[in-house]
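Novice: These are the residues of each chain, in order.
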Amino acid sequence: MSEFPDNVGVNQRATFGPWHCFWNTCMQDNQPPLTELFFNPKNVGEARHPSFIGRAASFQCGATLRISLHINDSQRIVEAKFKAAGCSVLVASTSLLTEQVLGKTTGEAAALGQTVRLIEAQLGPVETARTDCPGLACEALVAAIREYSDAIRDSWEGDQALICTCFGVSERRIEQEIHEHHLTTVAEVTRACNAGAGCRSCYPLIEDILDDCQRGKW
Amino acid sequence: MIYLDNNATTRVAPEVFEAMRPYLTETYGNPSSAHSLGQRMKSAVERAREQVAELIGAAEISEIVFTSCGSESDNWAIGGFLEQNPTRRHIITTRVEHEAVRNLCTHLAEIGCEVTWLDVNESGQLDLDDLRRVLRRETGIVSVMLANNETGVLFPIEEVGKIVRQNSDAVFHVDGVQAVGKIPINLKELEVDLFALSGHKLHAPQGIGALYIRSGVKLPPFIIGGGQEQGRRAGTSAVPNIVALGAACELARNFDEHERIEGLRDKLEDEILERIPNARLNGPSDRNRRLPNTSNISFEYVEGENILLHLDQAGICVSTGSACHSTTKESSPTLRAMNVPYTAAQGSIRFSLGRYNTEQEIDYTLEVLPGIISKLVEMSPYDKELQALSMRQR
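Chains A and B supply the protein sequences, listed in that same order.
Just so you know, the first sequence maps onto residues 1 to 218 in my numbering.
Just so you know, the second sequence maps onto residues 1 to 394 in my numbering.
Simulated from the structure, these hints should not be mistaken for lab results.
With beta-carbon atoms standing in for the labels, derived distance ranges:
no.: 1; chain 1: A; residue 1: 125; chain 2: B; residue 2: 134; range: 40 to 50 Å
no.: 2; chain 1: B; residue 1: 39; chain 2: A; residue 2: 125; range: 45 to 55 Å
no.: 3; chain 1: A; residue 1: 125; chain 2: B; residue 2: 236; range: 39 to 49 Å
no.: 4; chain 1: A; residue 1: 33; chain 2: B; residue 2: 378; range: 15 to 25 Å
no.: 5; chain 1: B; residue 1: 54; chain 2: A; residue 2: 33; range: 49 to 59 Å
no.: 6; chain 1: A; residue 1: 40; chain 2: B; residue 2: 267; range: 25 to 35 Å
no.: 7; chain 1: A; residue 1: 199; chain 2: B; residue 2: 267; range: 54 to 64 Å
no.: 8; chain 1: B; residue 1: 358; chain 2: A; residue 2: 40; range: 24 to 34 Å
no.: 9; chain 1: B; residue 1: 286; chain 2: A; residue 2: 60; range: 27 to 37 Å
no.: 10; chain 1: A; residue 1: 199; chain 2: B; residue 2: 109; range: 48 to 58 Å
no.: 11; chain 1: A; residue 1: 40; chain 2: B; residue 2: 317; range: 13 to 23 Å
no.: 12; chain 1: A; residue 1: 117; chain 2: B; residue 2: 95; range: 39 to 49 Å
no.: 13; chain 1: B; residue 1: 162; chain 2: A; residue 2: 46; range: 51 to 61 Å
Glycine included, C-beta positions come from ideal geometry on N, C-alpha and C.
Could you build the full structure based on these sequences and the hints that come with them?
Specialist: Pasting the structure below:
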């Protein structure tokens, strides 16, 4: 009683006949990650303290969502958890998203959070009424990262110049990264220490630092 | 499969299928034809008309007209009246009607009719003084459902009918789709002019309905064509479906297990409300004011669609009033009219039982449901609210 009746007809068809390949592909397509992720979502709960929290809610359907992140000293997300009261698509999207930001720097995660289609593509087909749901997951992620950045900025002390205000990266930190790893482009700097991963308004500053470094300091 | 969604539709009863089977296989003919085959079909249709009339207590058999579904009956009743009386454009109805009436009246309001919507209170009941206040001598039609499809709340049709008769010349239409077969109905004793019913809610197949038109009430045909149904509803009679509706009505009339179903519903409802801290009943706790088979329960702060999918995976079919599961992205208008908080409306589940449900099925549902709810409660971002609820429960 607790189980669905086996879909014998379909399974039999998958094993023989000219439709063999078609059915096999179909069966895989019909079992998108969405269903599996909904019934067995990953990362439900709260990240350990200190955590940074992002919330999102839909004014259209009333779904609410909270993502909490635990971020280590090198700005990597070591724990990403969520709680949601929303539809199956929201639960699946958030499960997928939290899984994918694990181990990423906050900058990389922010970039992922701004590319909703990457998550959408992995979910498989979603009915048109639900196309906003993956976006809601991304919104909460970006909000959590923003809270982290705000905290970094607020706690900023010391006399060093702050170059990347989104991710709180100082001039000295950028110089260190350039020297240690012989970096030559802004993209390399961003990868190394998150500087420039947010709003990008510090790109010219990072370029100046790169120029200075190349000109003579080493 | 445990089917607790009998307000959505019901399984065709084997007895009903057996009754209609000959008309899908060996017996055929157009009941409008004069030859013997046709005449045999005609008498089958007339027999079914008797069976329907008998179930709802119509004074005359000819007061029953077959339609294709409940929505057609509702549309015909209201639309037909307005066609007949184009100047009597004041309509009174409730905010919690089925879409067949509610959306029709919304549309009529857009094209120039005056629609007065009656509110309901927090347990979904009408205030008859509201009706007395808005009813005018020249009001054209009053349309009030007998039983609400989502909550099972019963409206006092007898009193509504009397008020309408005493205070106006209005025609009184009742959407009885959800009530027929579930509670006794005797139209002879009610001041009802038009009454809609649908076959698939009482174990006939989908695609057959009927409209009761009190003798003396004039209603122009909704479908114009041949002279079927005494010229009131054209289109070749769907004999197998009509026979099925007749058989279903007779089956319902002889059904003697209403108390058993009510007992199962009561058990389900009581145990859910007792064992699950965030469960709350939508509708009056006085069960005499509700259909004997329906329980609408909100699980606060969790999403109804998620409950539905988890129950489905466990082999249990229910409905939800959550926005996520409808096409409109809005939660149930019935629950909103009852002022159910949004966080509760989103987690509403309708359990509607039927003649084939067993005690084991209810026990199994009670076994799996608490686990599903607690899993979703764990996932809910409303932790503080949920904590407060479980504290109160203790």
